[in-house]
Every structure is written in C-alpha cells, then in structure tokens.
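Protein sequences appear in the order of chains A and B. Each residue of the first sequence is one higher than the one before, counting from 1 in the working numbering. Each residue of the second sequence is one higher than the one before, counting from 1 in the working numbering.
Think of the hints as simulated: they come from the structure by calculation, not from any bench. A portion of the hints provided could be inaccurate.
[Stated by the list, open to error] Listed next, the in silico SDA-like pairs over lysine to any residue satisfying Cα-Cα at most 20 angstroms (straight line): (1) A:K9 with B:G41; (2) B:K49 with A:Y104; (3) A:K9 with B:K61; (4) B:K61 with B:R77; (5) A:K9 with B:P40; (6) B:K61 with B:T5; (7) B:K49 with B:T5; (8) B:K61 with A:T102; (9) A:K14 with A:R77; (10) A:K71 with A:Y104; (11) B:K49 with A:S95; (12) A:K57 with B:R77.
[Stated by the list, open to error] Quick look at which bits of chain A chain B covers, simulated, 3 or more residues with Cβ under 8 angstroms: (13) 17-23; (14) 105-113.
Since this is a predicted model, take the numbers as computed values, not measurements. Idealized CB from N, CA, C, for every residue including glycine.
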Amino acid sequence: NAGVTQTPKFQVLKTGQSMTLQCAQDMNHNSMYWYRQDPGMGLRLIYYSASEGTTDKGEVPNGYNVSRLNKREFSLRLESAAPSQTSVYFCASSSVPGSQETQYFGPGTRLLVL
Amino acid sequence: AQSVTQPDIHITVSEGASLELRCNYSYGATPYLFWYVQSPGQGLQLLLKYFSGDTLVQGIKGFEAEFKRSQSSFNLRKPSVHWSDAAEYFCAVVSSGSARQLTFGSGTQLTVLP
Numbered sequence: 001n002a003g004v005t006q007t008p009k010f011q012v013l014k015t016g017q018s019m020t021l022q023c024a025q026d027m028n029h030n031s032m033y034w035y036r037q038d039p040g041m042g043l044r045l046i047y048y049s050a051s052e053g054t055t056d057k058g059e060v061p062n063g064y065n066v067s068r069l070n071k072r073e074f075s076l077r078l079e080s081a082a083p084s085q086t087s088v089y090f091c092a093s094s095s096v097p098g099s100q101e102t103q104y105f106g107p108g109t110r111l112l113v114l
Numbered sequence: 001a002q003s004v005t006q007p008d009i010h011i012t013v014s015e016g017a018s019l020e021l022r023c024n025y026s027y028g029a030t031p032y033l034f035w036y037v038q039s040p041g042q043g044l045q046l047l048l049k050y051f052s053g054d055t056l057v058q059g060i061k062g063f064e065a066e067f068k069r070s071q072s073s074f075n076l077r078k079p080s081v082h083w084s085d086a087a088e089y090f091c092a093v094v095s096s097g098s099a100r101q102l103t104f105g106s107g108t109q110l111t112v113l114p
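The shape of chain A in the complex, shown without the other chains (with noise of 0.2 angstroms):
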C-alpha cells in the first residue's frame, strides 16, 4: 500500500494563477483531510471530508475549495492564488471521523506563490 499520496511535490505559481493539489489514499479510508503548515503555527486545518460526498471548512478555509471526488480522492483548489498561499500542504486521511483514529499523512505538497 502506498498510504496517501500527494501531487505535485513542488510547485511555483504567480500571483493570481489557479492549482489543483491531488490526494489519493489506498487505505479505504471514510475520512480526509487538508492542512496547511507554516513556520511557527504548527499544522491549520484547511477543509476536511468526514466522507465521501461531503465536505466542510476547517479553521482556514478562506481562498480554497476542495472535492471529494471518490472515496480514494479528495482535490485542494486555490482559484487564484495569492503569496499568502506560499505553504507547504498535507493530506490525511482517517478510517472514521472519531477521536481515536489515528490520521494518516501525505509526503506533503511545497507551494511558492510569488
């Protein structure tokens, strides 16, 4: 199993240009999950999936969309990104959305917007 994989590793955008950061998990897994990391703040949740066909915001939703495409797939959308968005971004995934499942992580996507 590969466990959740992230597309692209790296990127580059310029102010205002639009991406689609990919996620897919291999686990089954009901729940997933986007954060955001940034120096000194520790991991911000983005959007999350509690399952498949449903989506809510996190703590900073402002600037993304997401789609939970399939059960495997859940798709971050910056629709004109703004230097703001320079982060680097996590996908997880859990098998139900409960305090005692353990959220698996993504290599994680880096993106520089300029």
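Position chain B relative to chain A; hints supplied.
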C-alpha cells in the same frame, strides 16, 4: 475552543542524553492526545496516542508520554536520544467538533549533537 501549547520552539541535546518535550493542552473534557514526528521534507508520523486508561503511554522508536490531568500536560520523553531522532515534534489534541479534527501545537524542533 481547544488549544495546544508547546513552549519550547527548539531543543538541543547530545546523543545518548535523555529528552523531554513539553506539551500543555486546554480542553474542557477528557482529551484525546497525540504526538507526531516530522522528519525533514517528510509528512507526519504518529509516535503515540492517549485516549484513556494508563496515563503512561508507550510509542514507537522508544518514546513514551505521560498524561497528567492536574497539570494539563502530555510530555514526551525518551531515555536516550539517537542522532536519527532529530526532527520536529508536534503535540495534538482531537477537537470537540463534529469531525473530531486534530488541533496541533506549533512544534518543537529537536537537534541532536554528536
């Protein structure tokens, strides 16, 4: 709202020395607590978790953590650090929201001296 504080941004220890990383949480009910480790350029890996029961929790790679309700703490310890333990460590608590989201501390960067 729940929160997690990691008061030490950066800790340096010598190889073979003992290690304690501090974590304090703010949460109204019984918390579910996690420690994750992030090696450079990698995603997050779960070290250990606490849900209930024995307050001393054993994890992978020789790490342990102790839950102290009276001090609202969940400190991570290792008796003898190895050079490969150099990484960033994150404490997290599960939120009280519907998705049981993880709330992360800002992280502690560990440097290990030879």
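inquiry  = With the threshold set at 20 angstroms, check whether the alpha-carbon distance from A:K9 to B:P40 stays at or below it.
reply    = Holds - the C-alpha atoms of B:P40 and A:K9 are around 14 angstroms apart, at most 20 angstroms.
inquiry  = Against the 20 angstroms threshold, does the CA-CA distance of B:K61 and A:T102 hold or violate the hint?
reply    = Status holds; Cα separation ~17 angstroms.
Mind checking the alpha carbons of A:K57 and B:R77 for me, to see if they're no more than 20 angstroms apart? violated, 35 angstroms
Does the alpha-carbon distance linking A:K71 and A:Y104 stay inside the 20 angstroms limit? Since the Cα atoms of A:K71 and A:Y104 sit roughly 15 angstroms apart, the hinted pair holds (cutoff 20 angstroms).
Query raised in the report: Is the Cα-Cα distance between B:K49 and A:Y104 20 angstroms or less?
Result: Holds, at about 13 angstroms.
Worksheet item: Between A:K14 and A:R77, is the straight-line Cα distance small enough, at 20 angstroms or below?
Response: holds, 15 angstroms
### Message
Run the distance test for B:K61 versus B:R77: straight-line Cα separation, threshold 20 angstroms.
### Response
Distance ~11 angstroms between B:K61 and B:R77 Cα, so the pair holds.
**Prompt:** Against chain B, does the segment 17-23 of chain A show at least 3 residues with beta-carbon separation below 8 angstroms?
**Reply:** This one is violated; 0 residues, fewer than the three required, reach chain B with a Cβ under 8 angstroms.
Verdict on chain B covering the segment 105-113 of chain A, criterion of 3 CB contacts below 8 angstroms: holds (count 4)
Item to complete: Quickly compare the C-alpha distance for B:K49 and B:T5 to 20 angstroms and report which way the hint goes.
Response: Holds, at about 17 angstroms.
Holds or violated: B:K49 and A:S95, Cα atoms, limit 20 angstroms. Holds. B:K49 to A:S95 sits at ~16 angstroms (cutoff 20 angstroms).
inquiry  = Need the status of pair A:K9, B:K61: alpha-carbon distance at most 20 angstroms?
reply    = violated, 27 angstroms
Consistency note: the structure conflicts with the earlier hints numbered 3, 6, 12 and 13.
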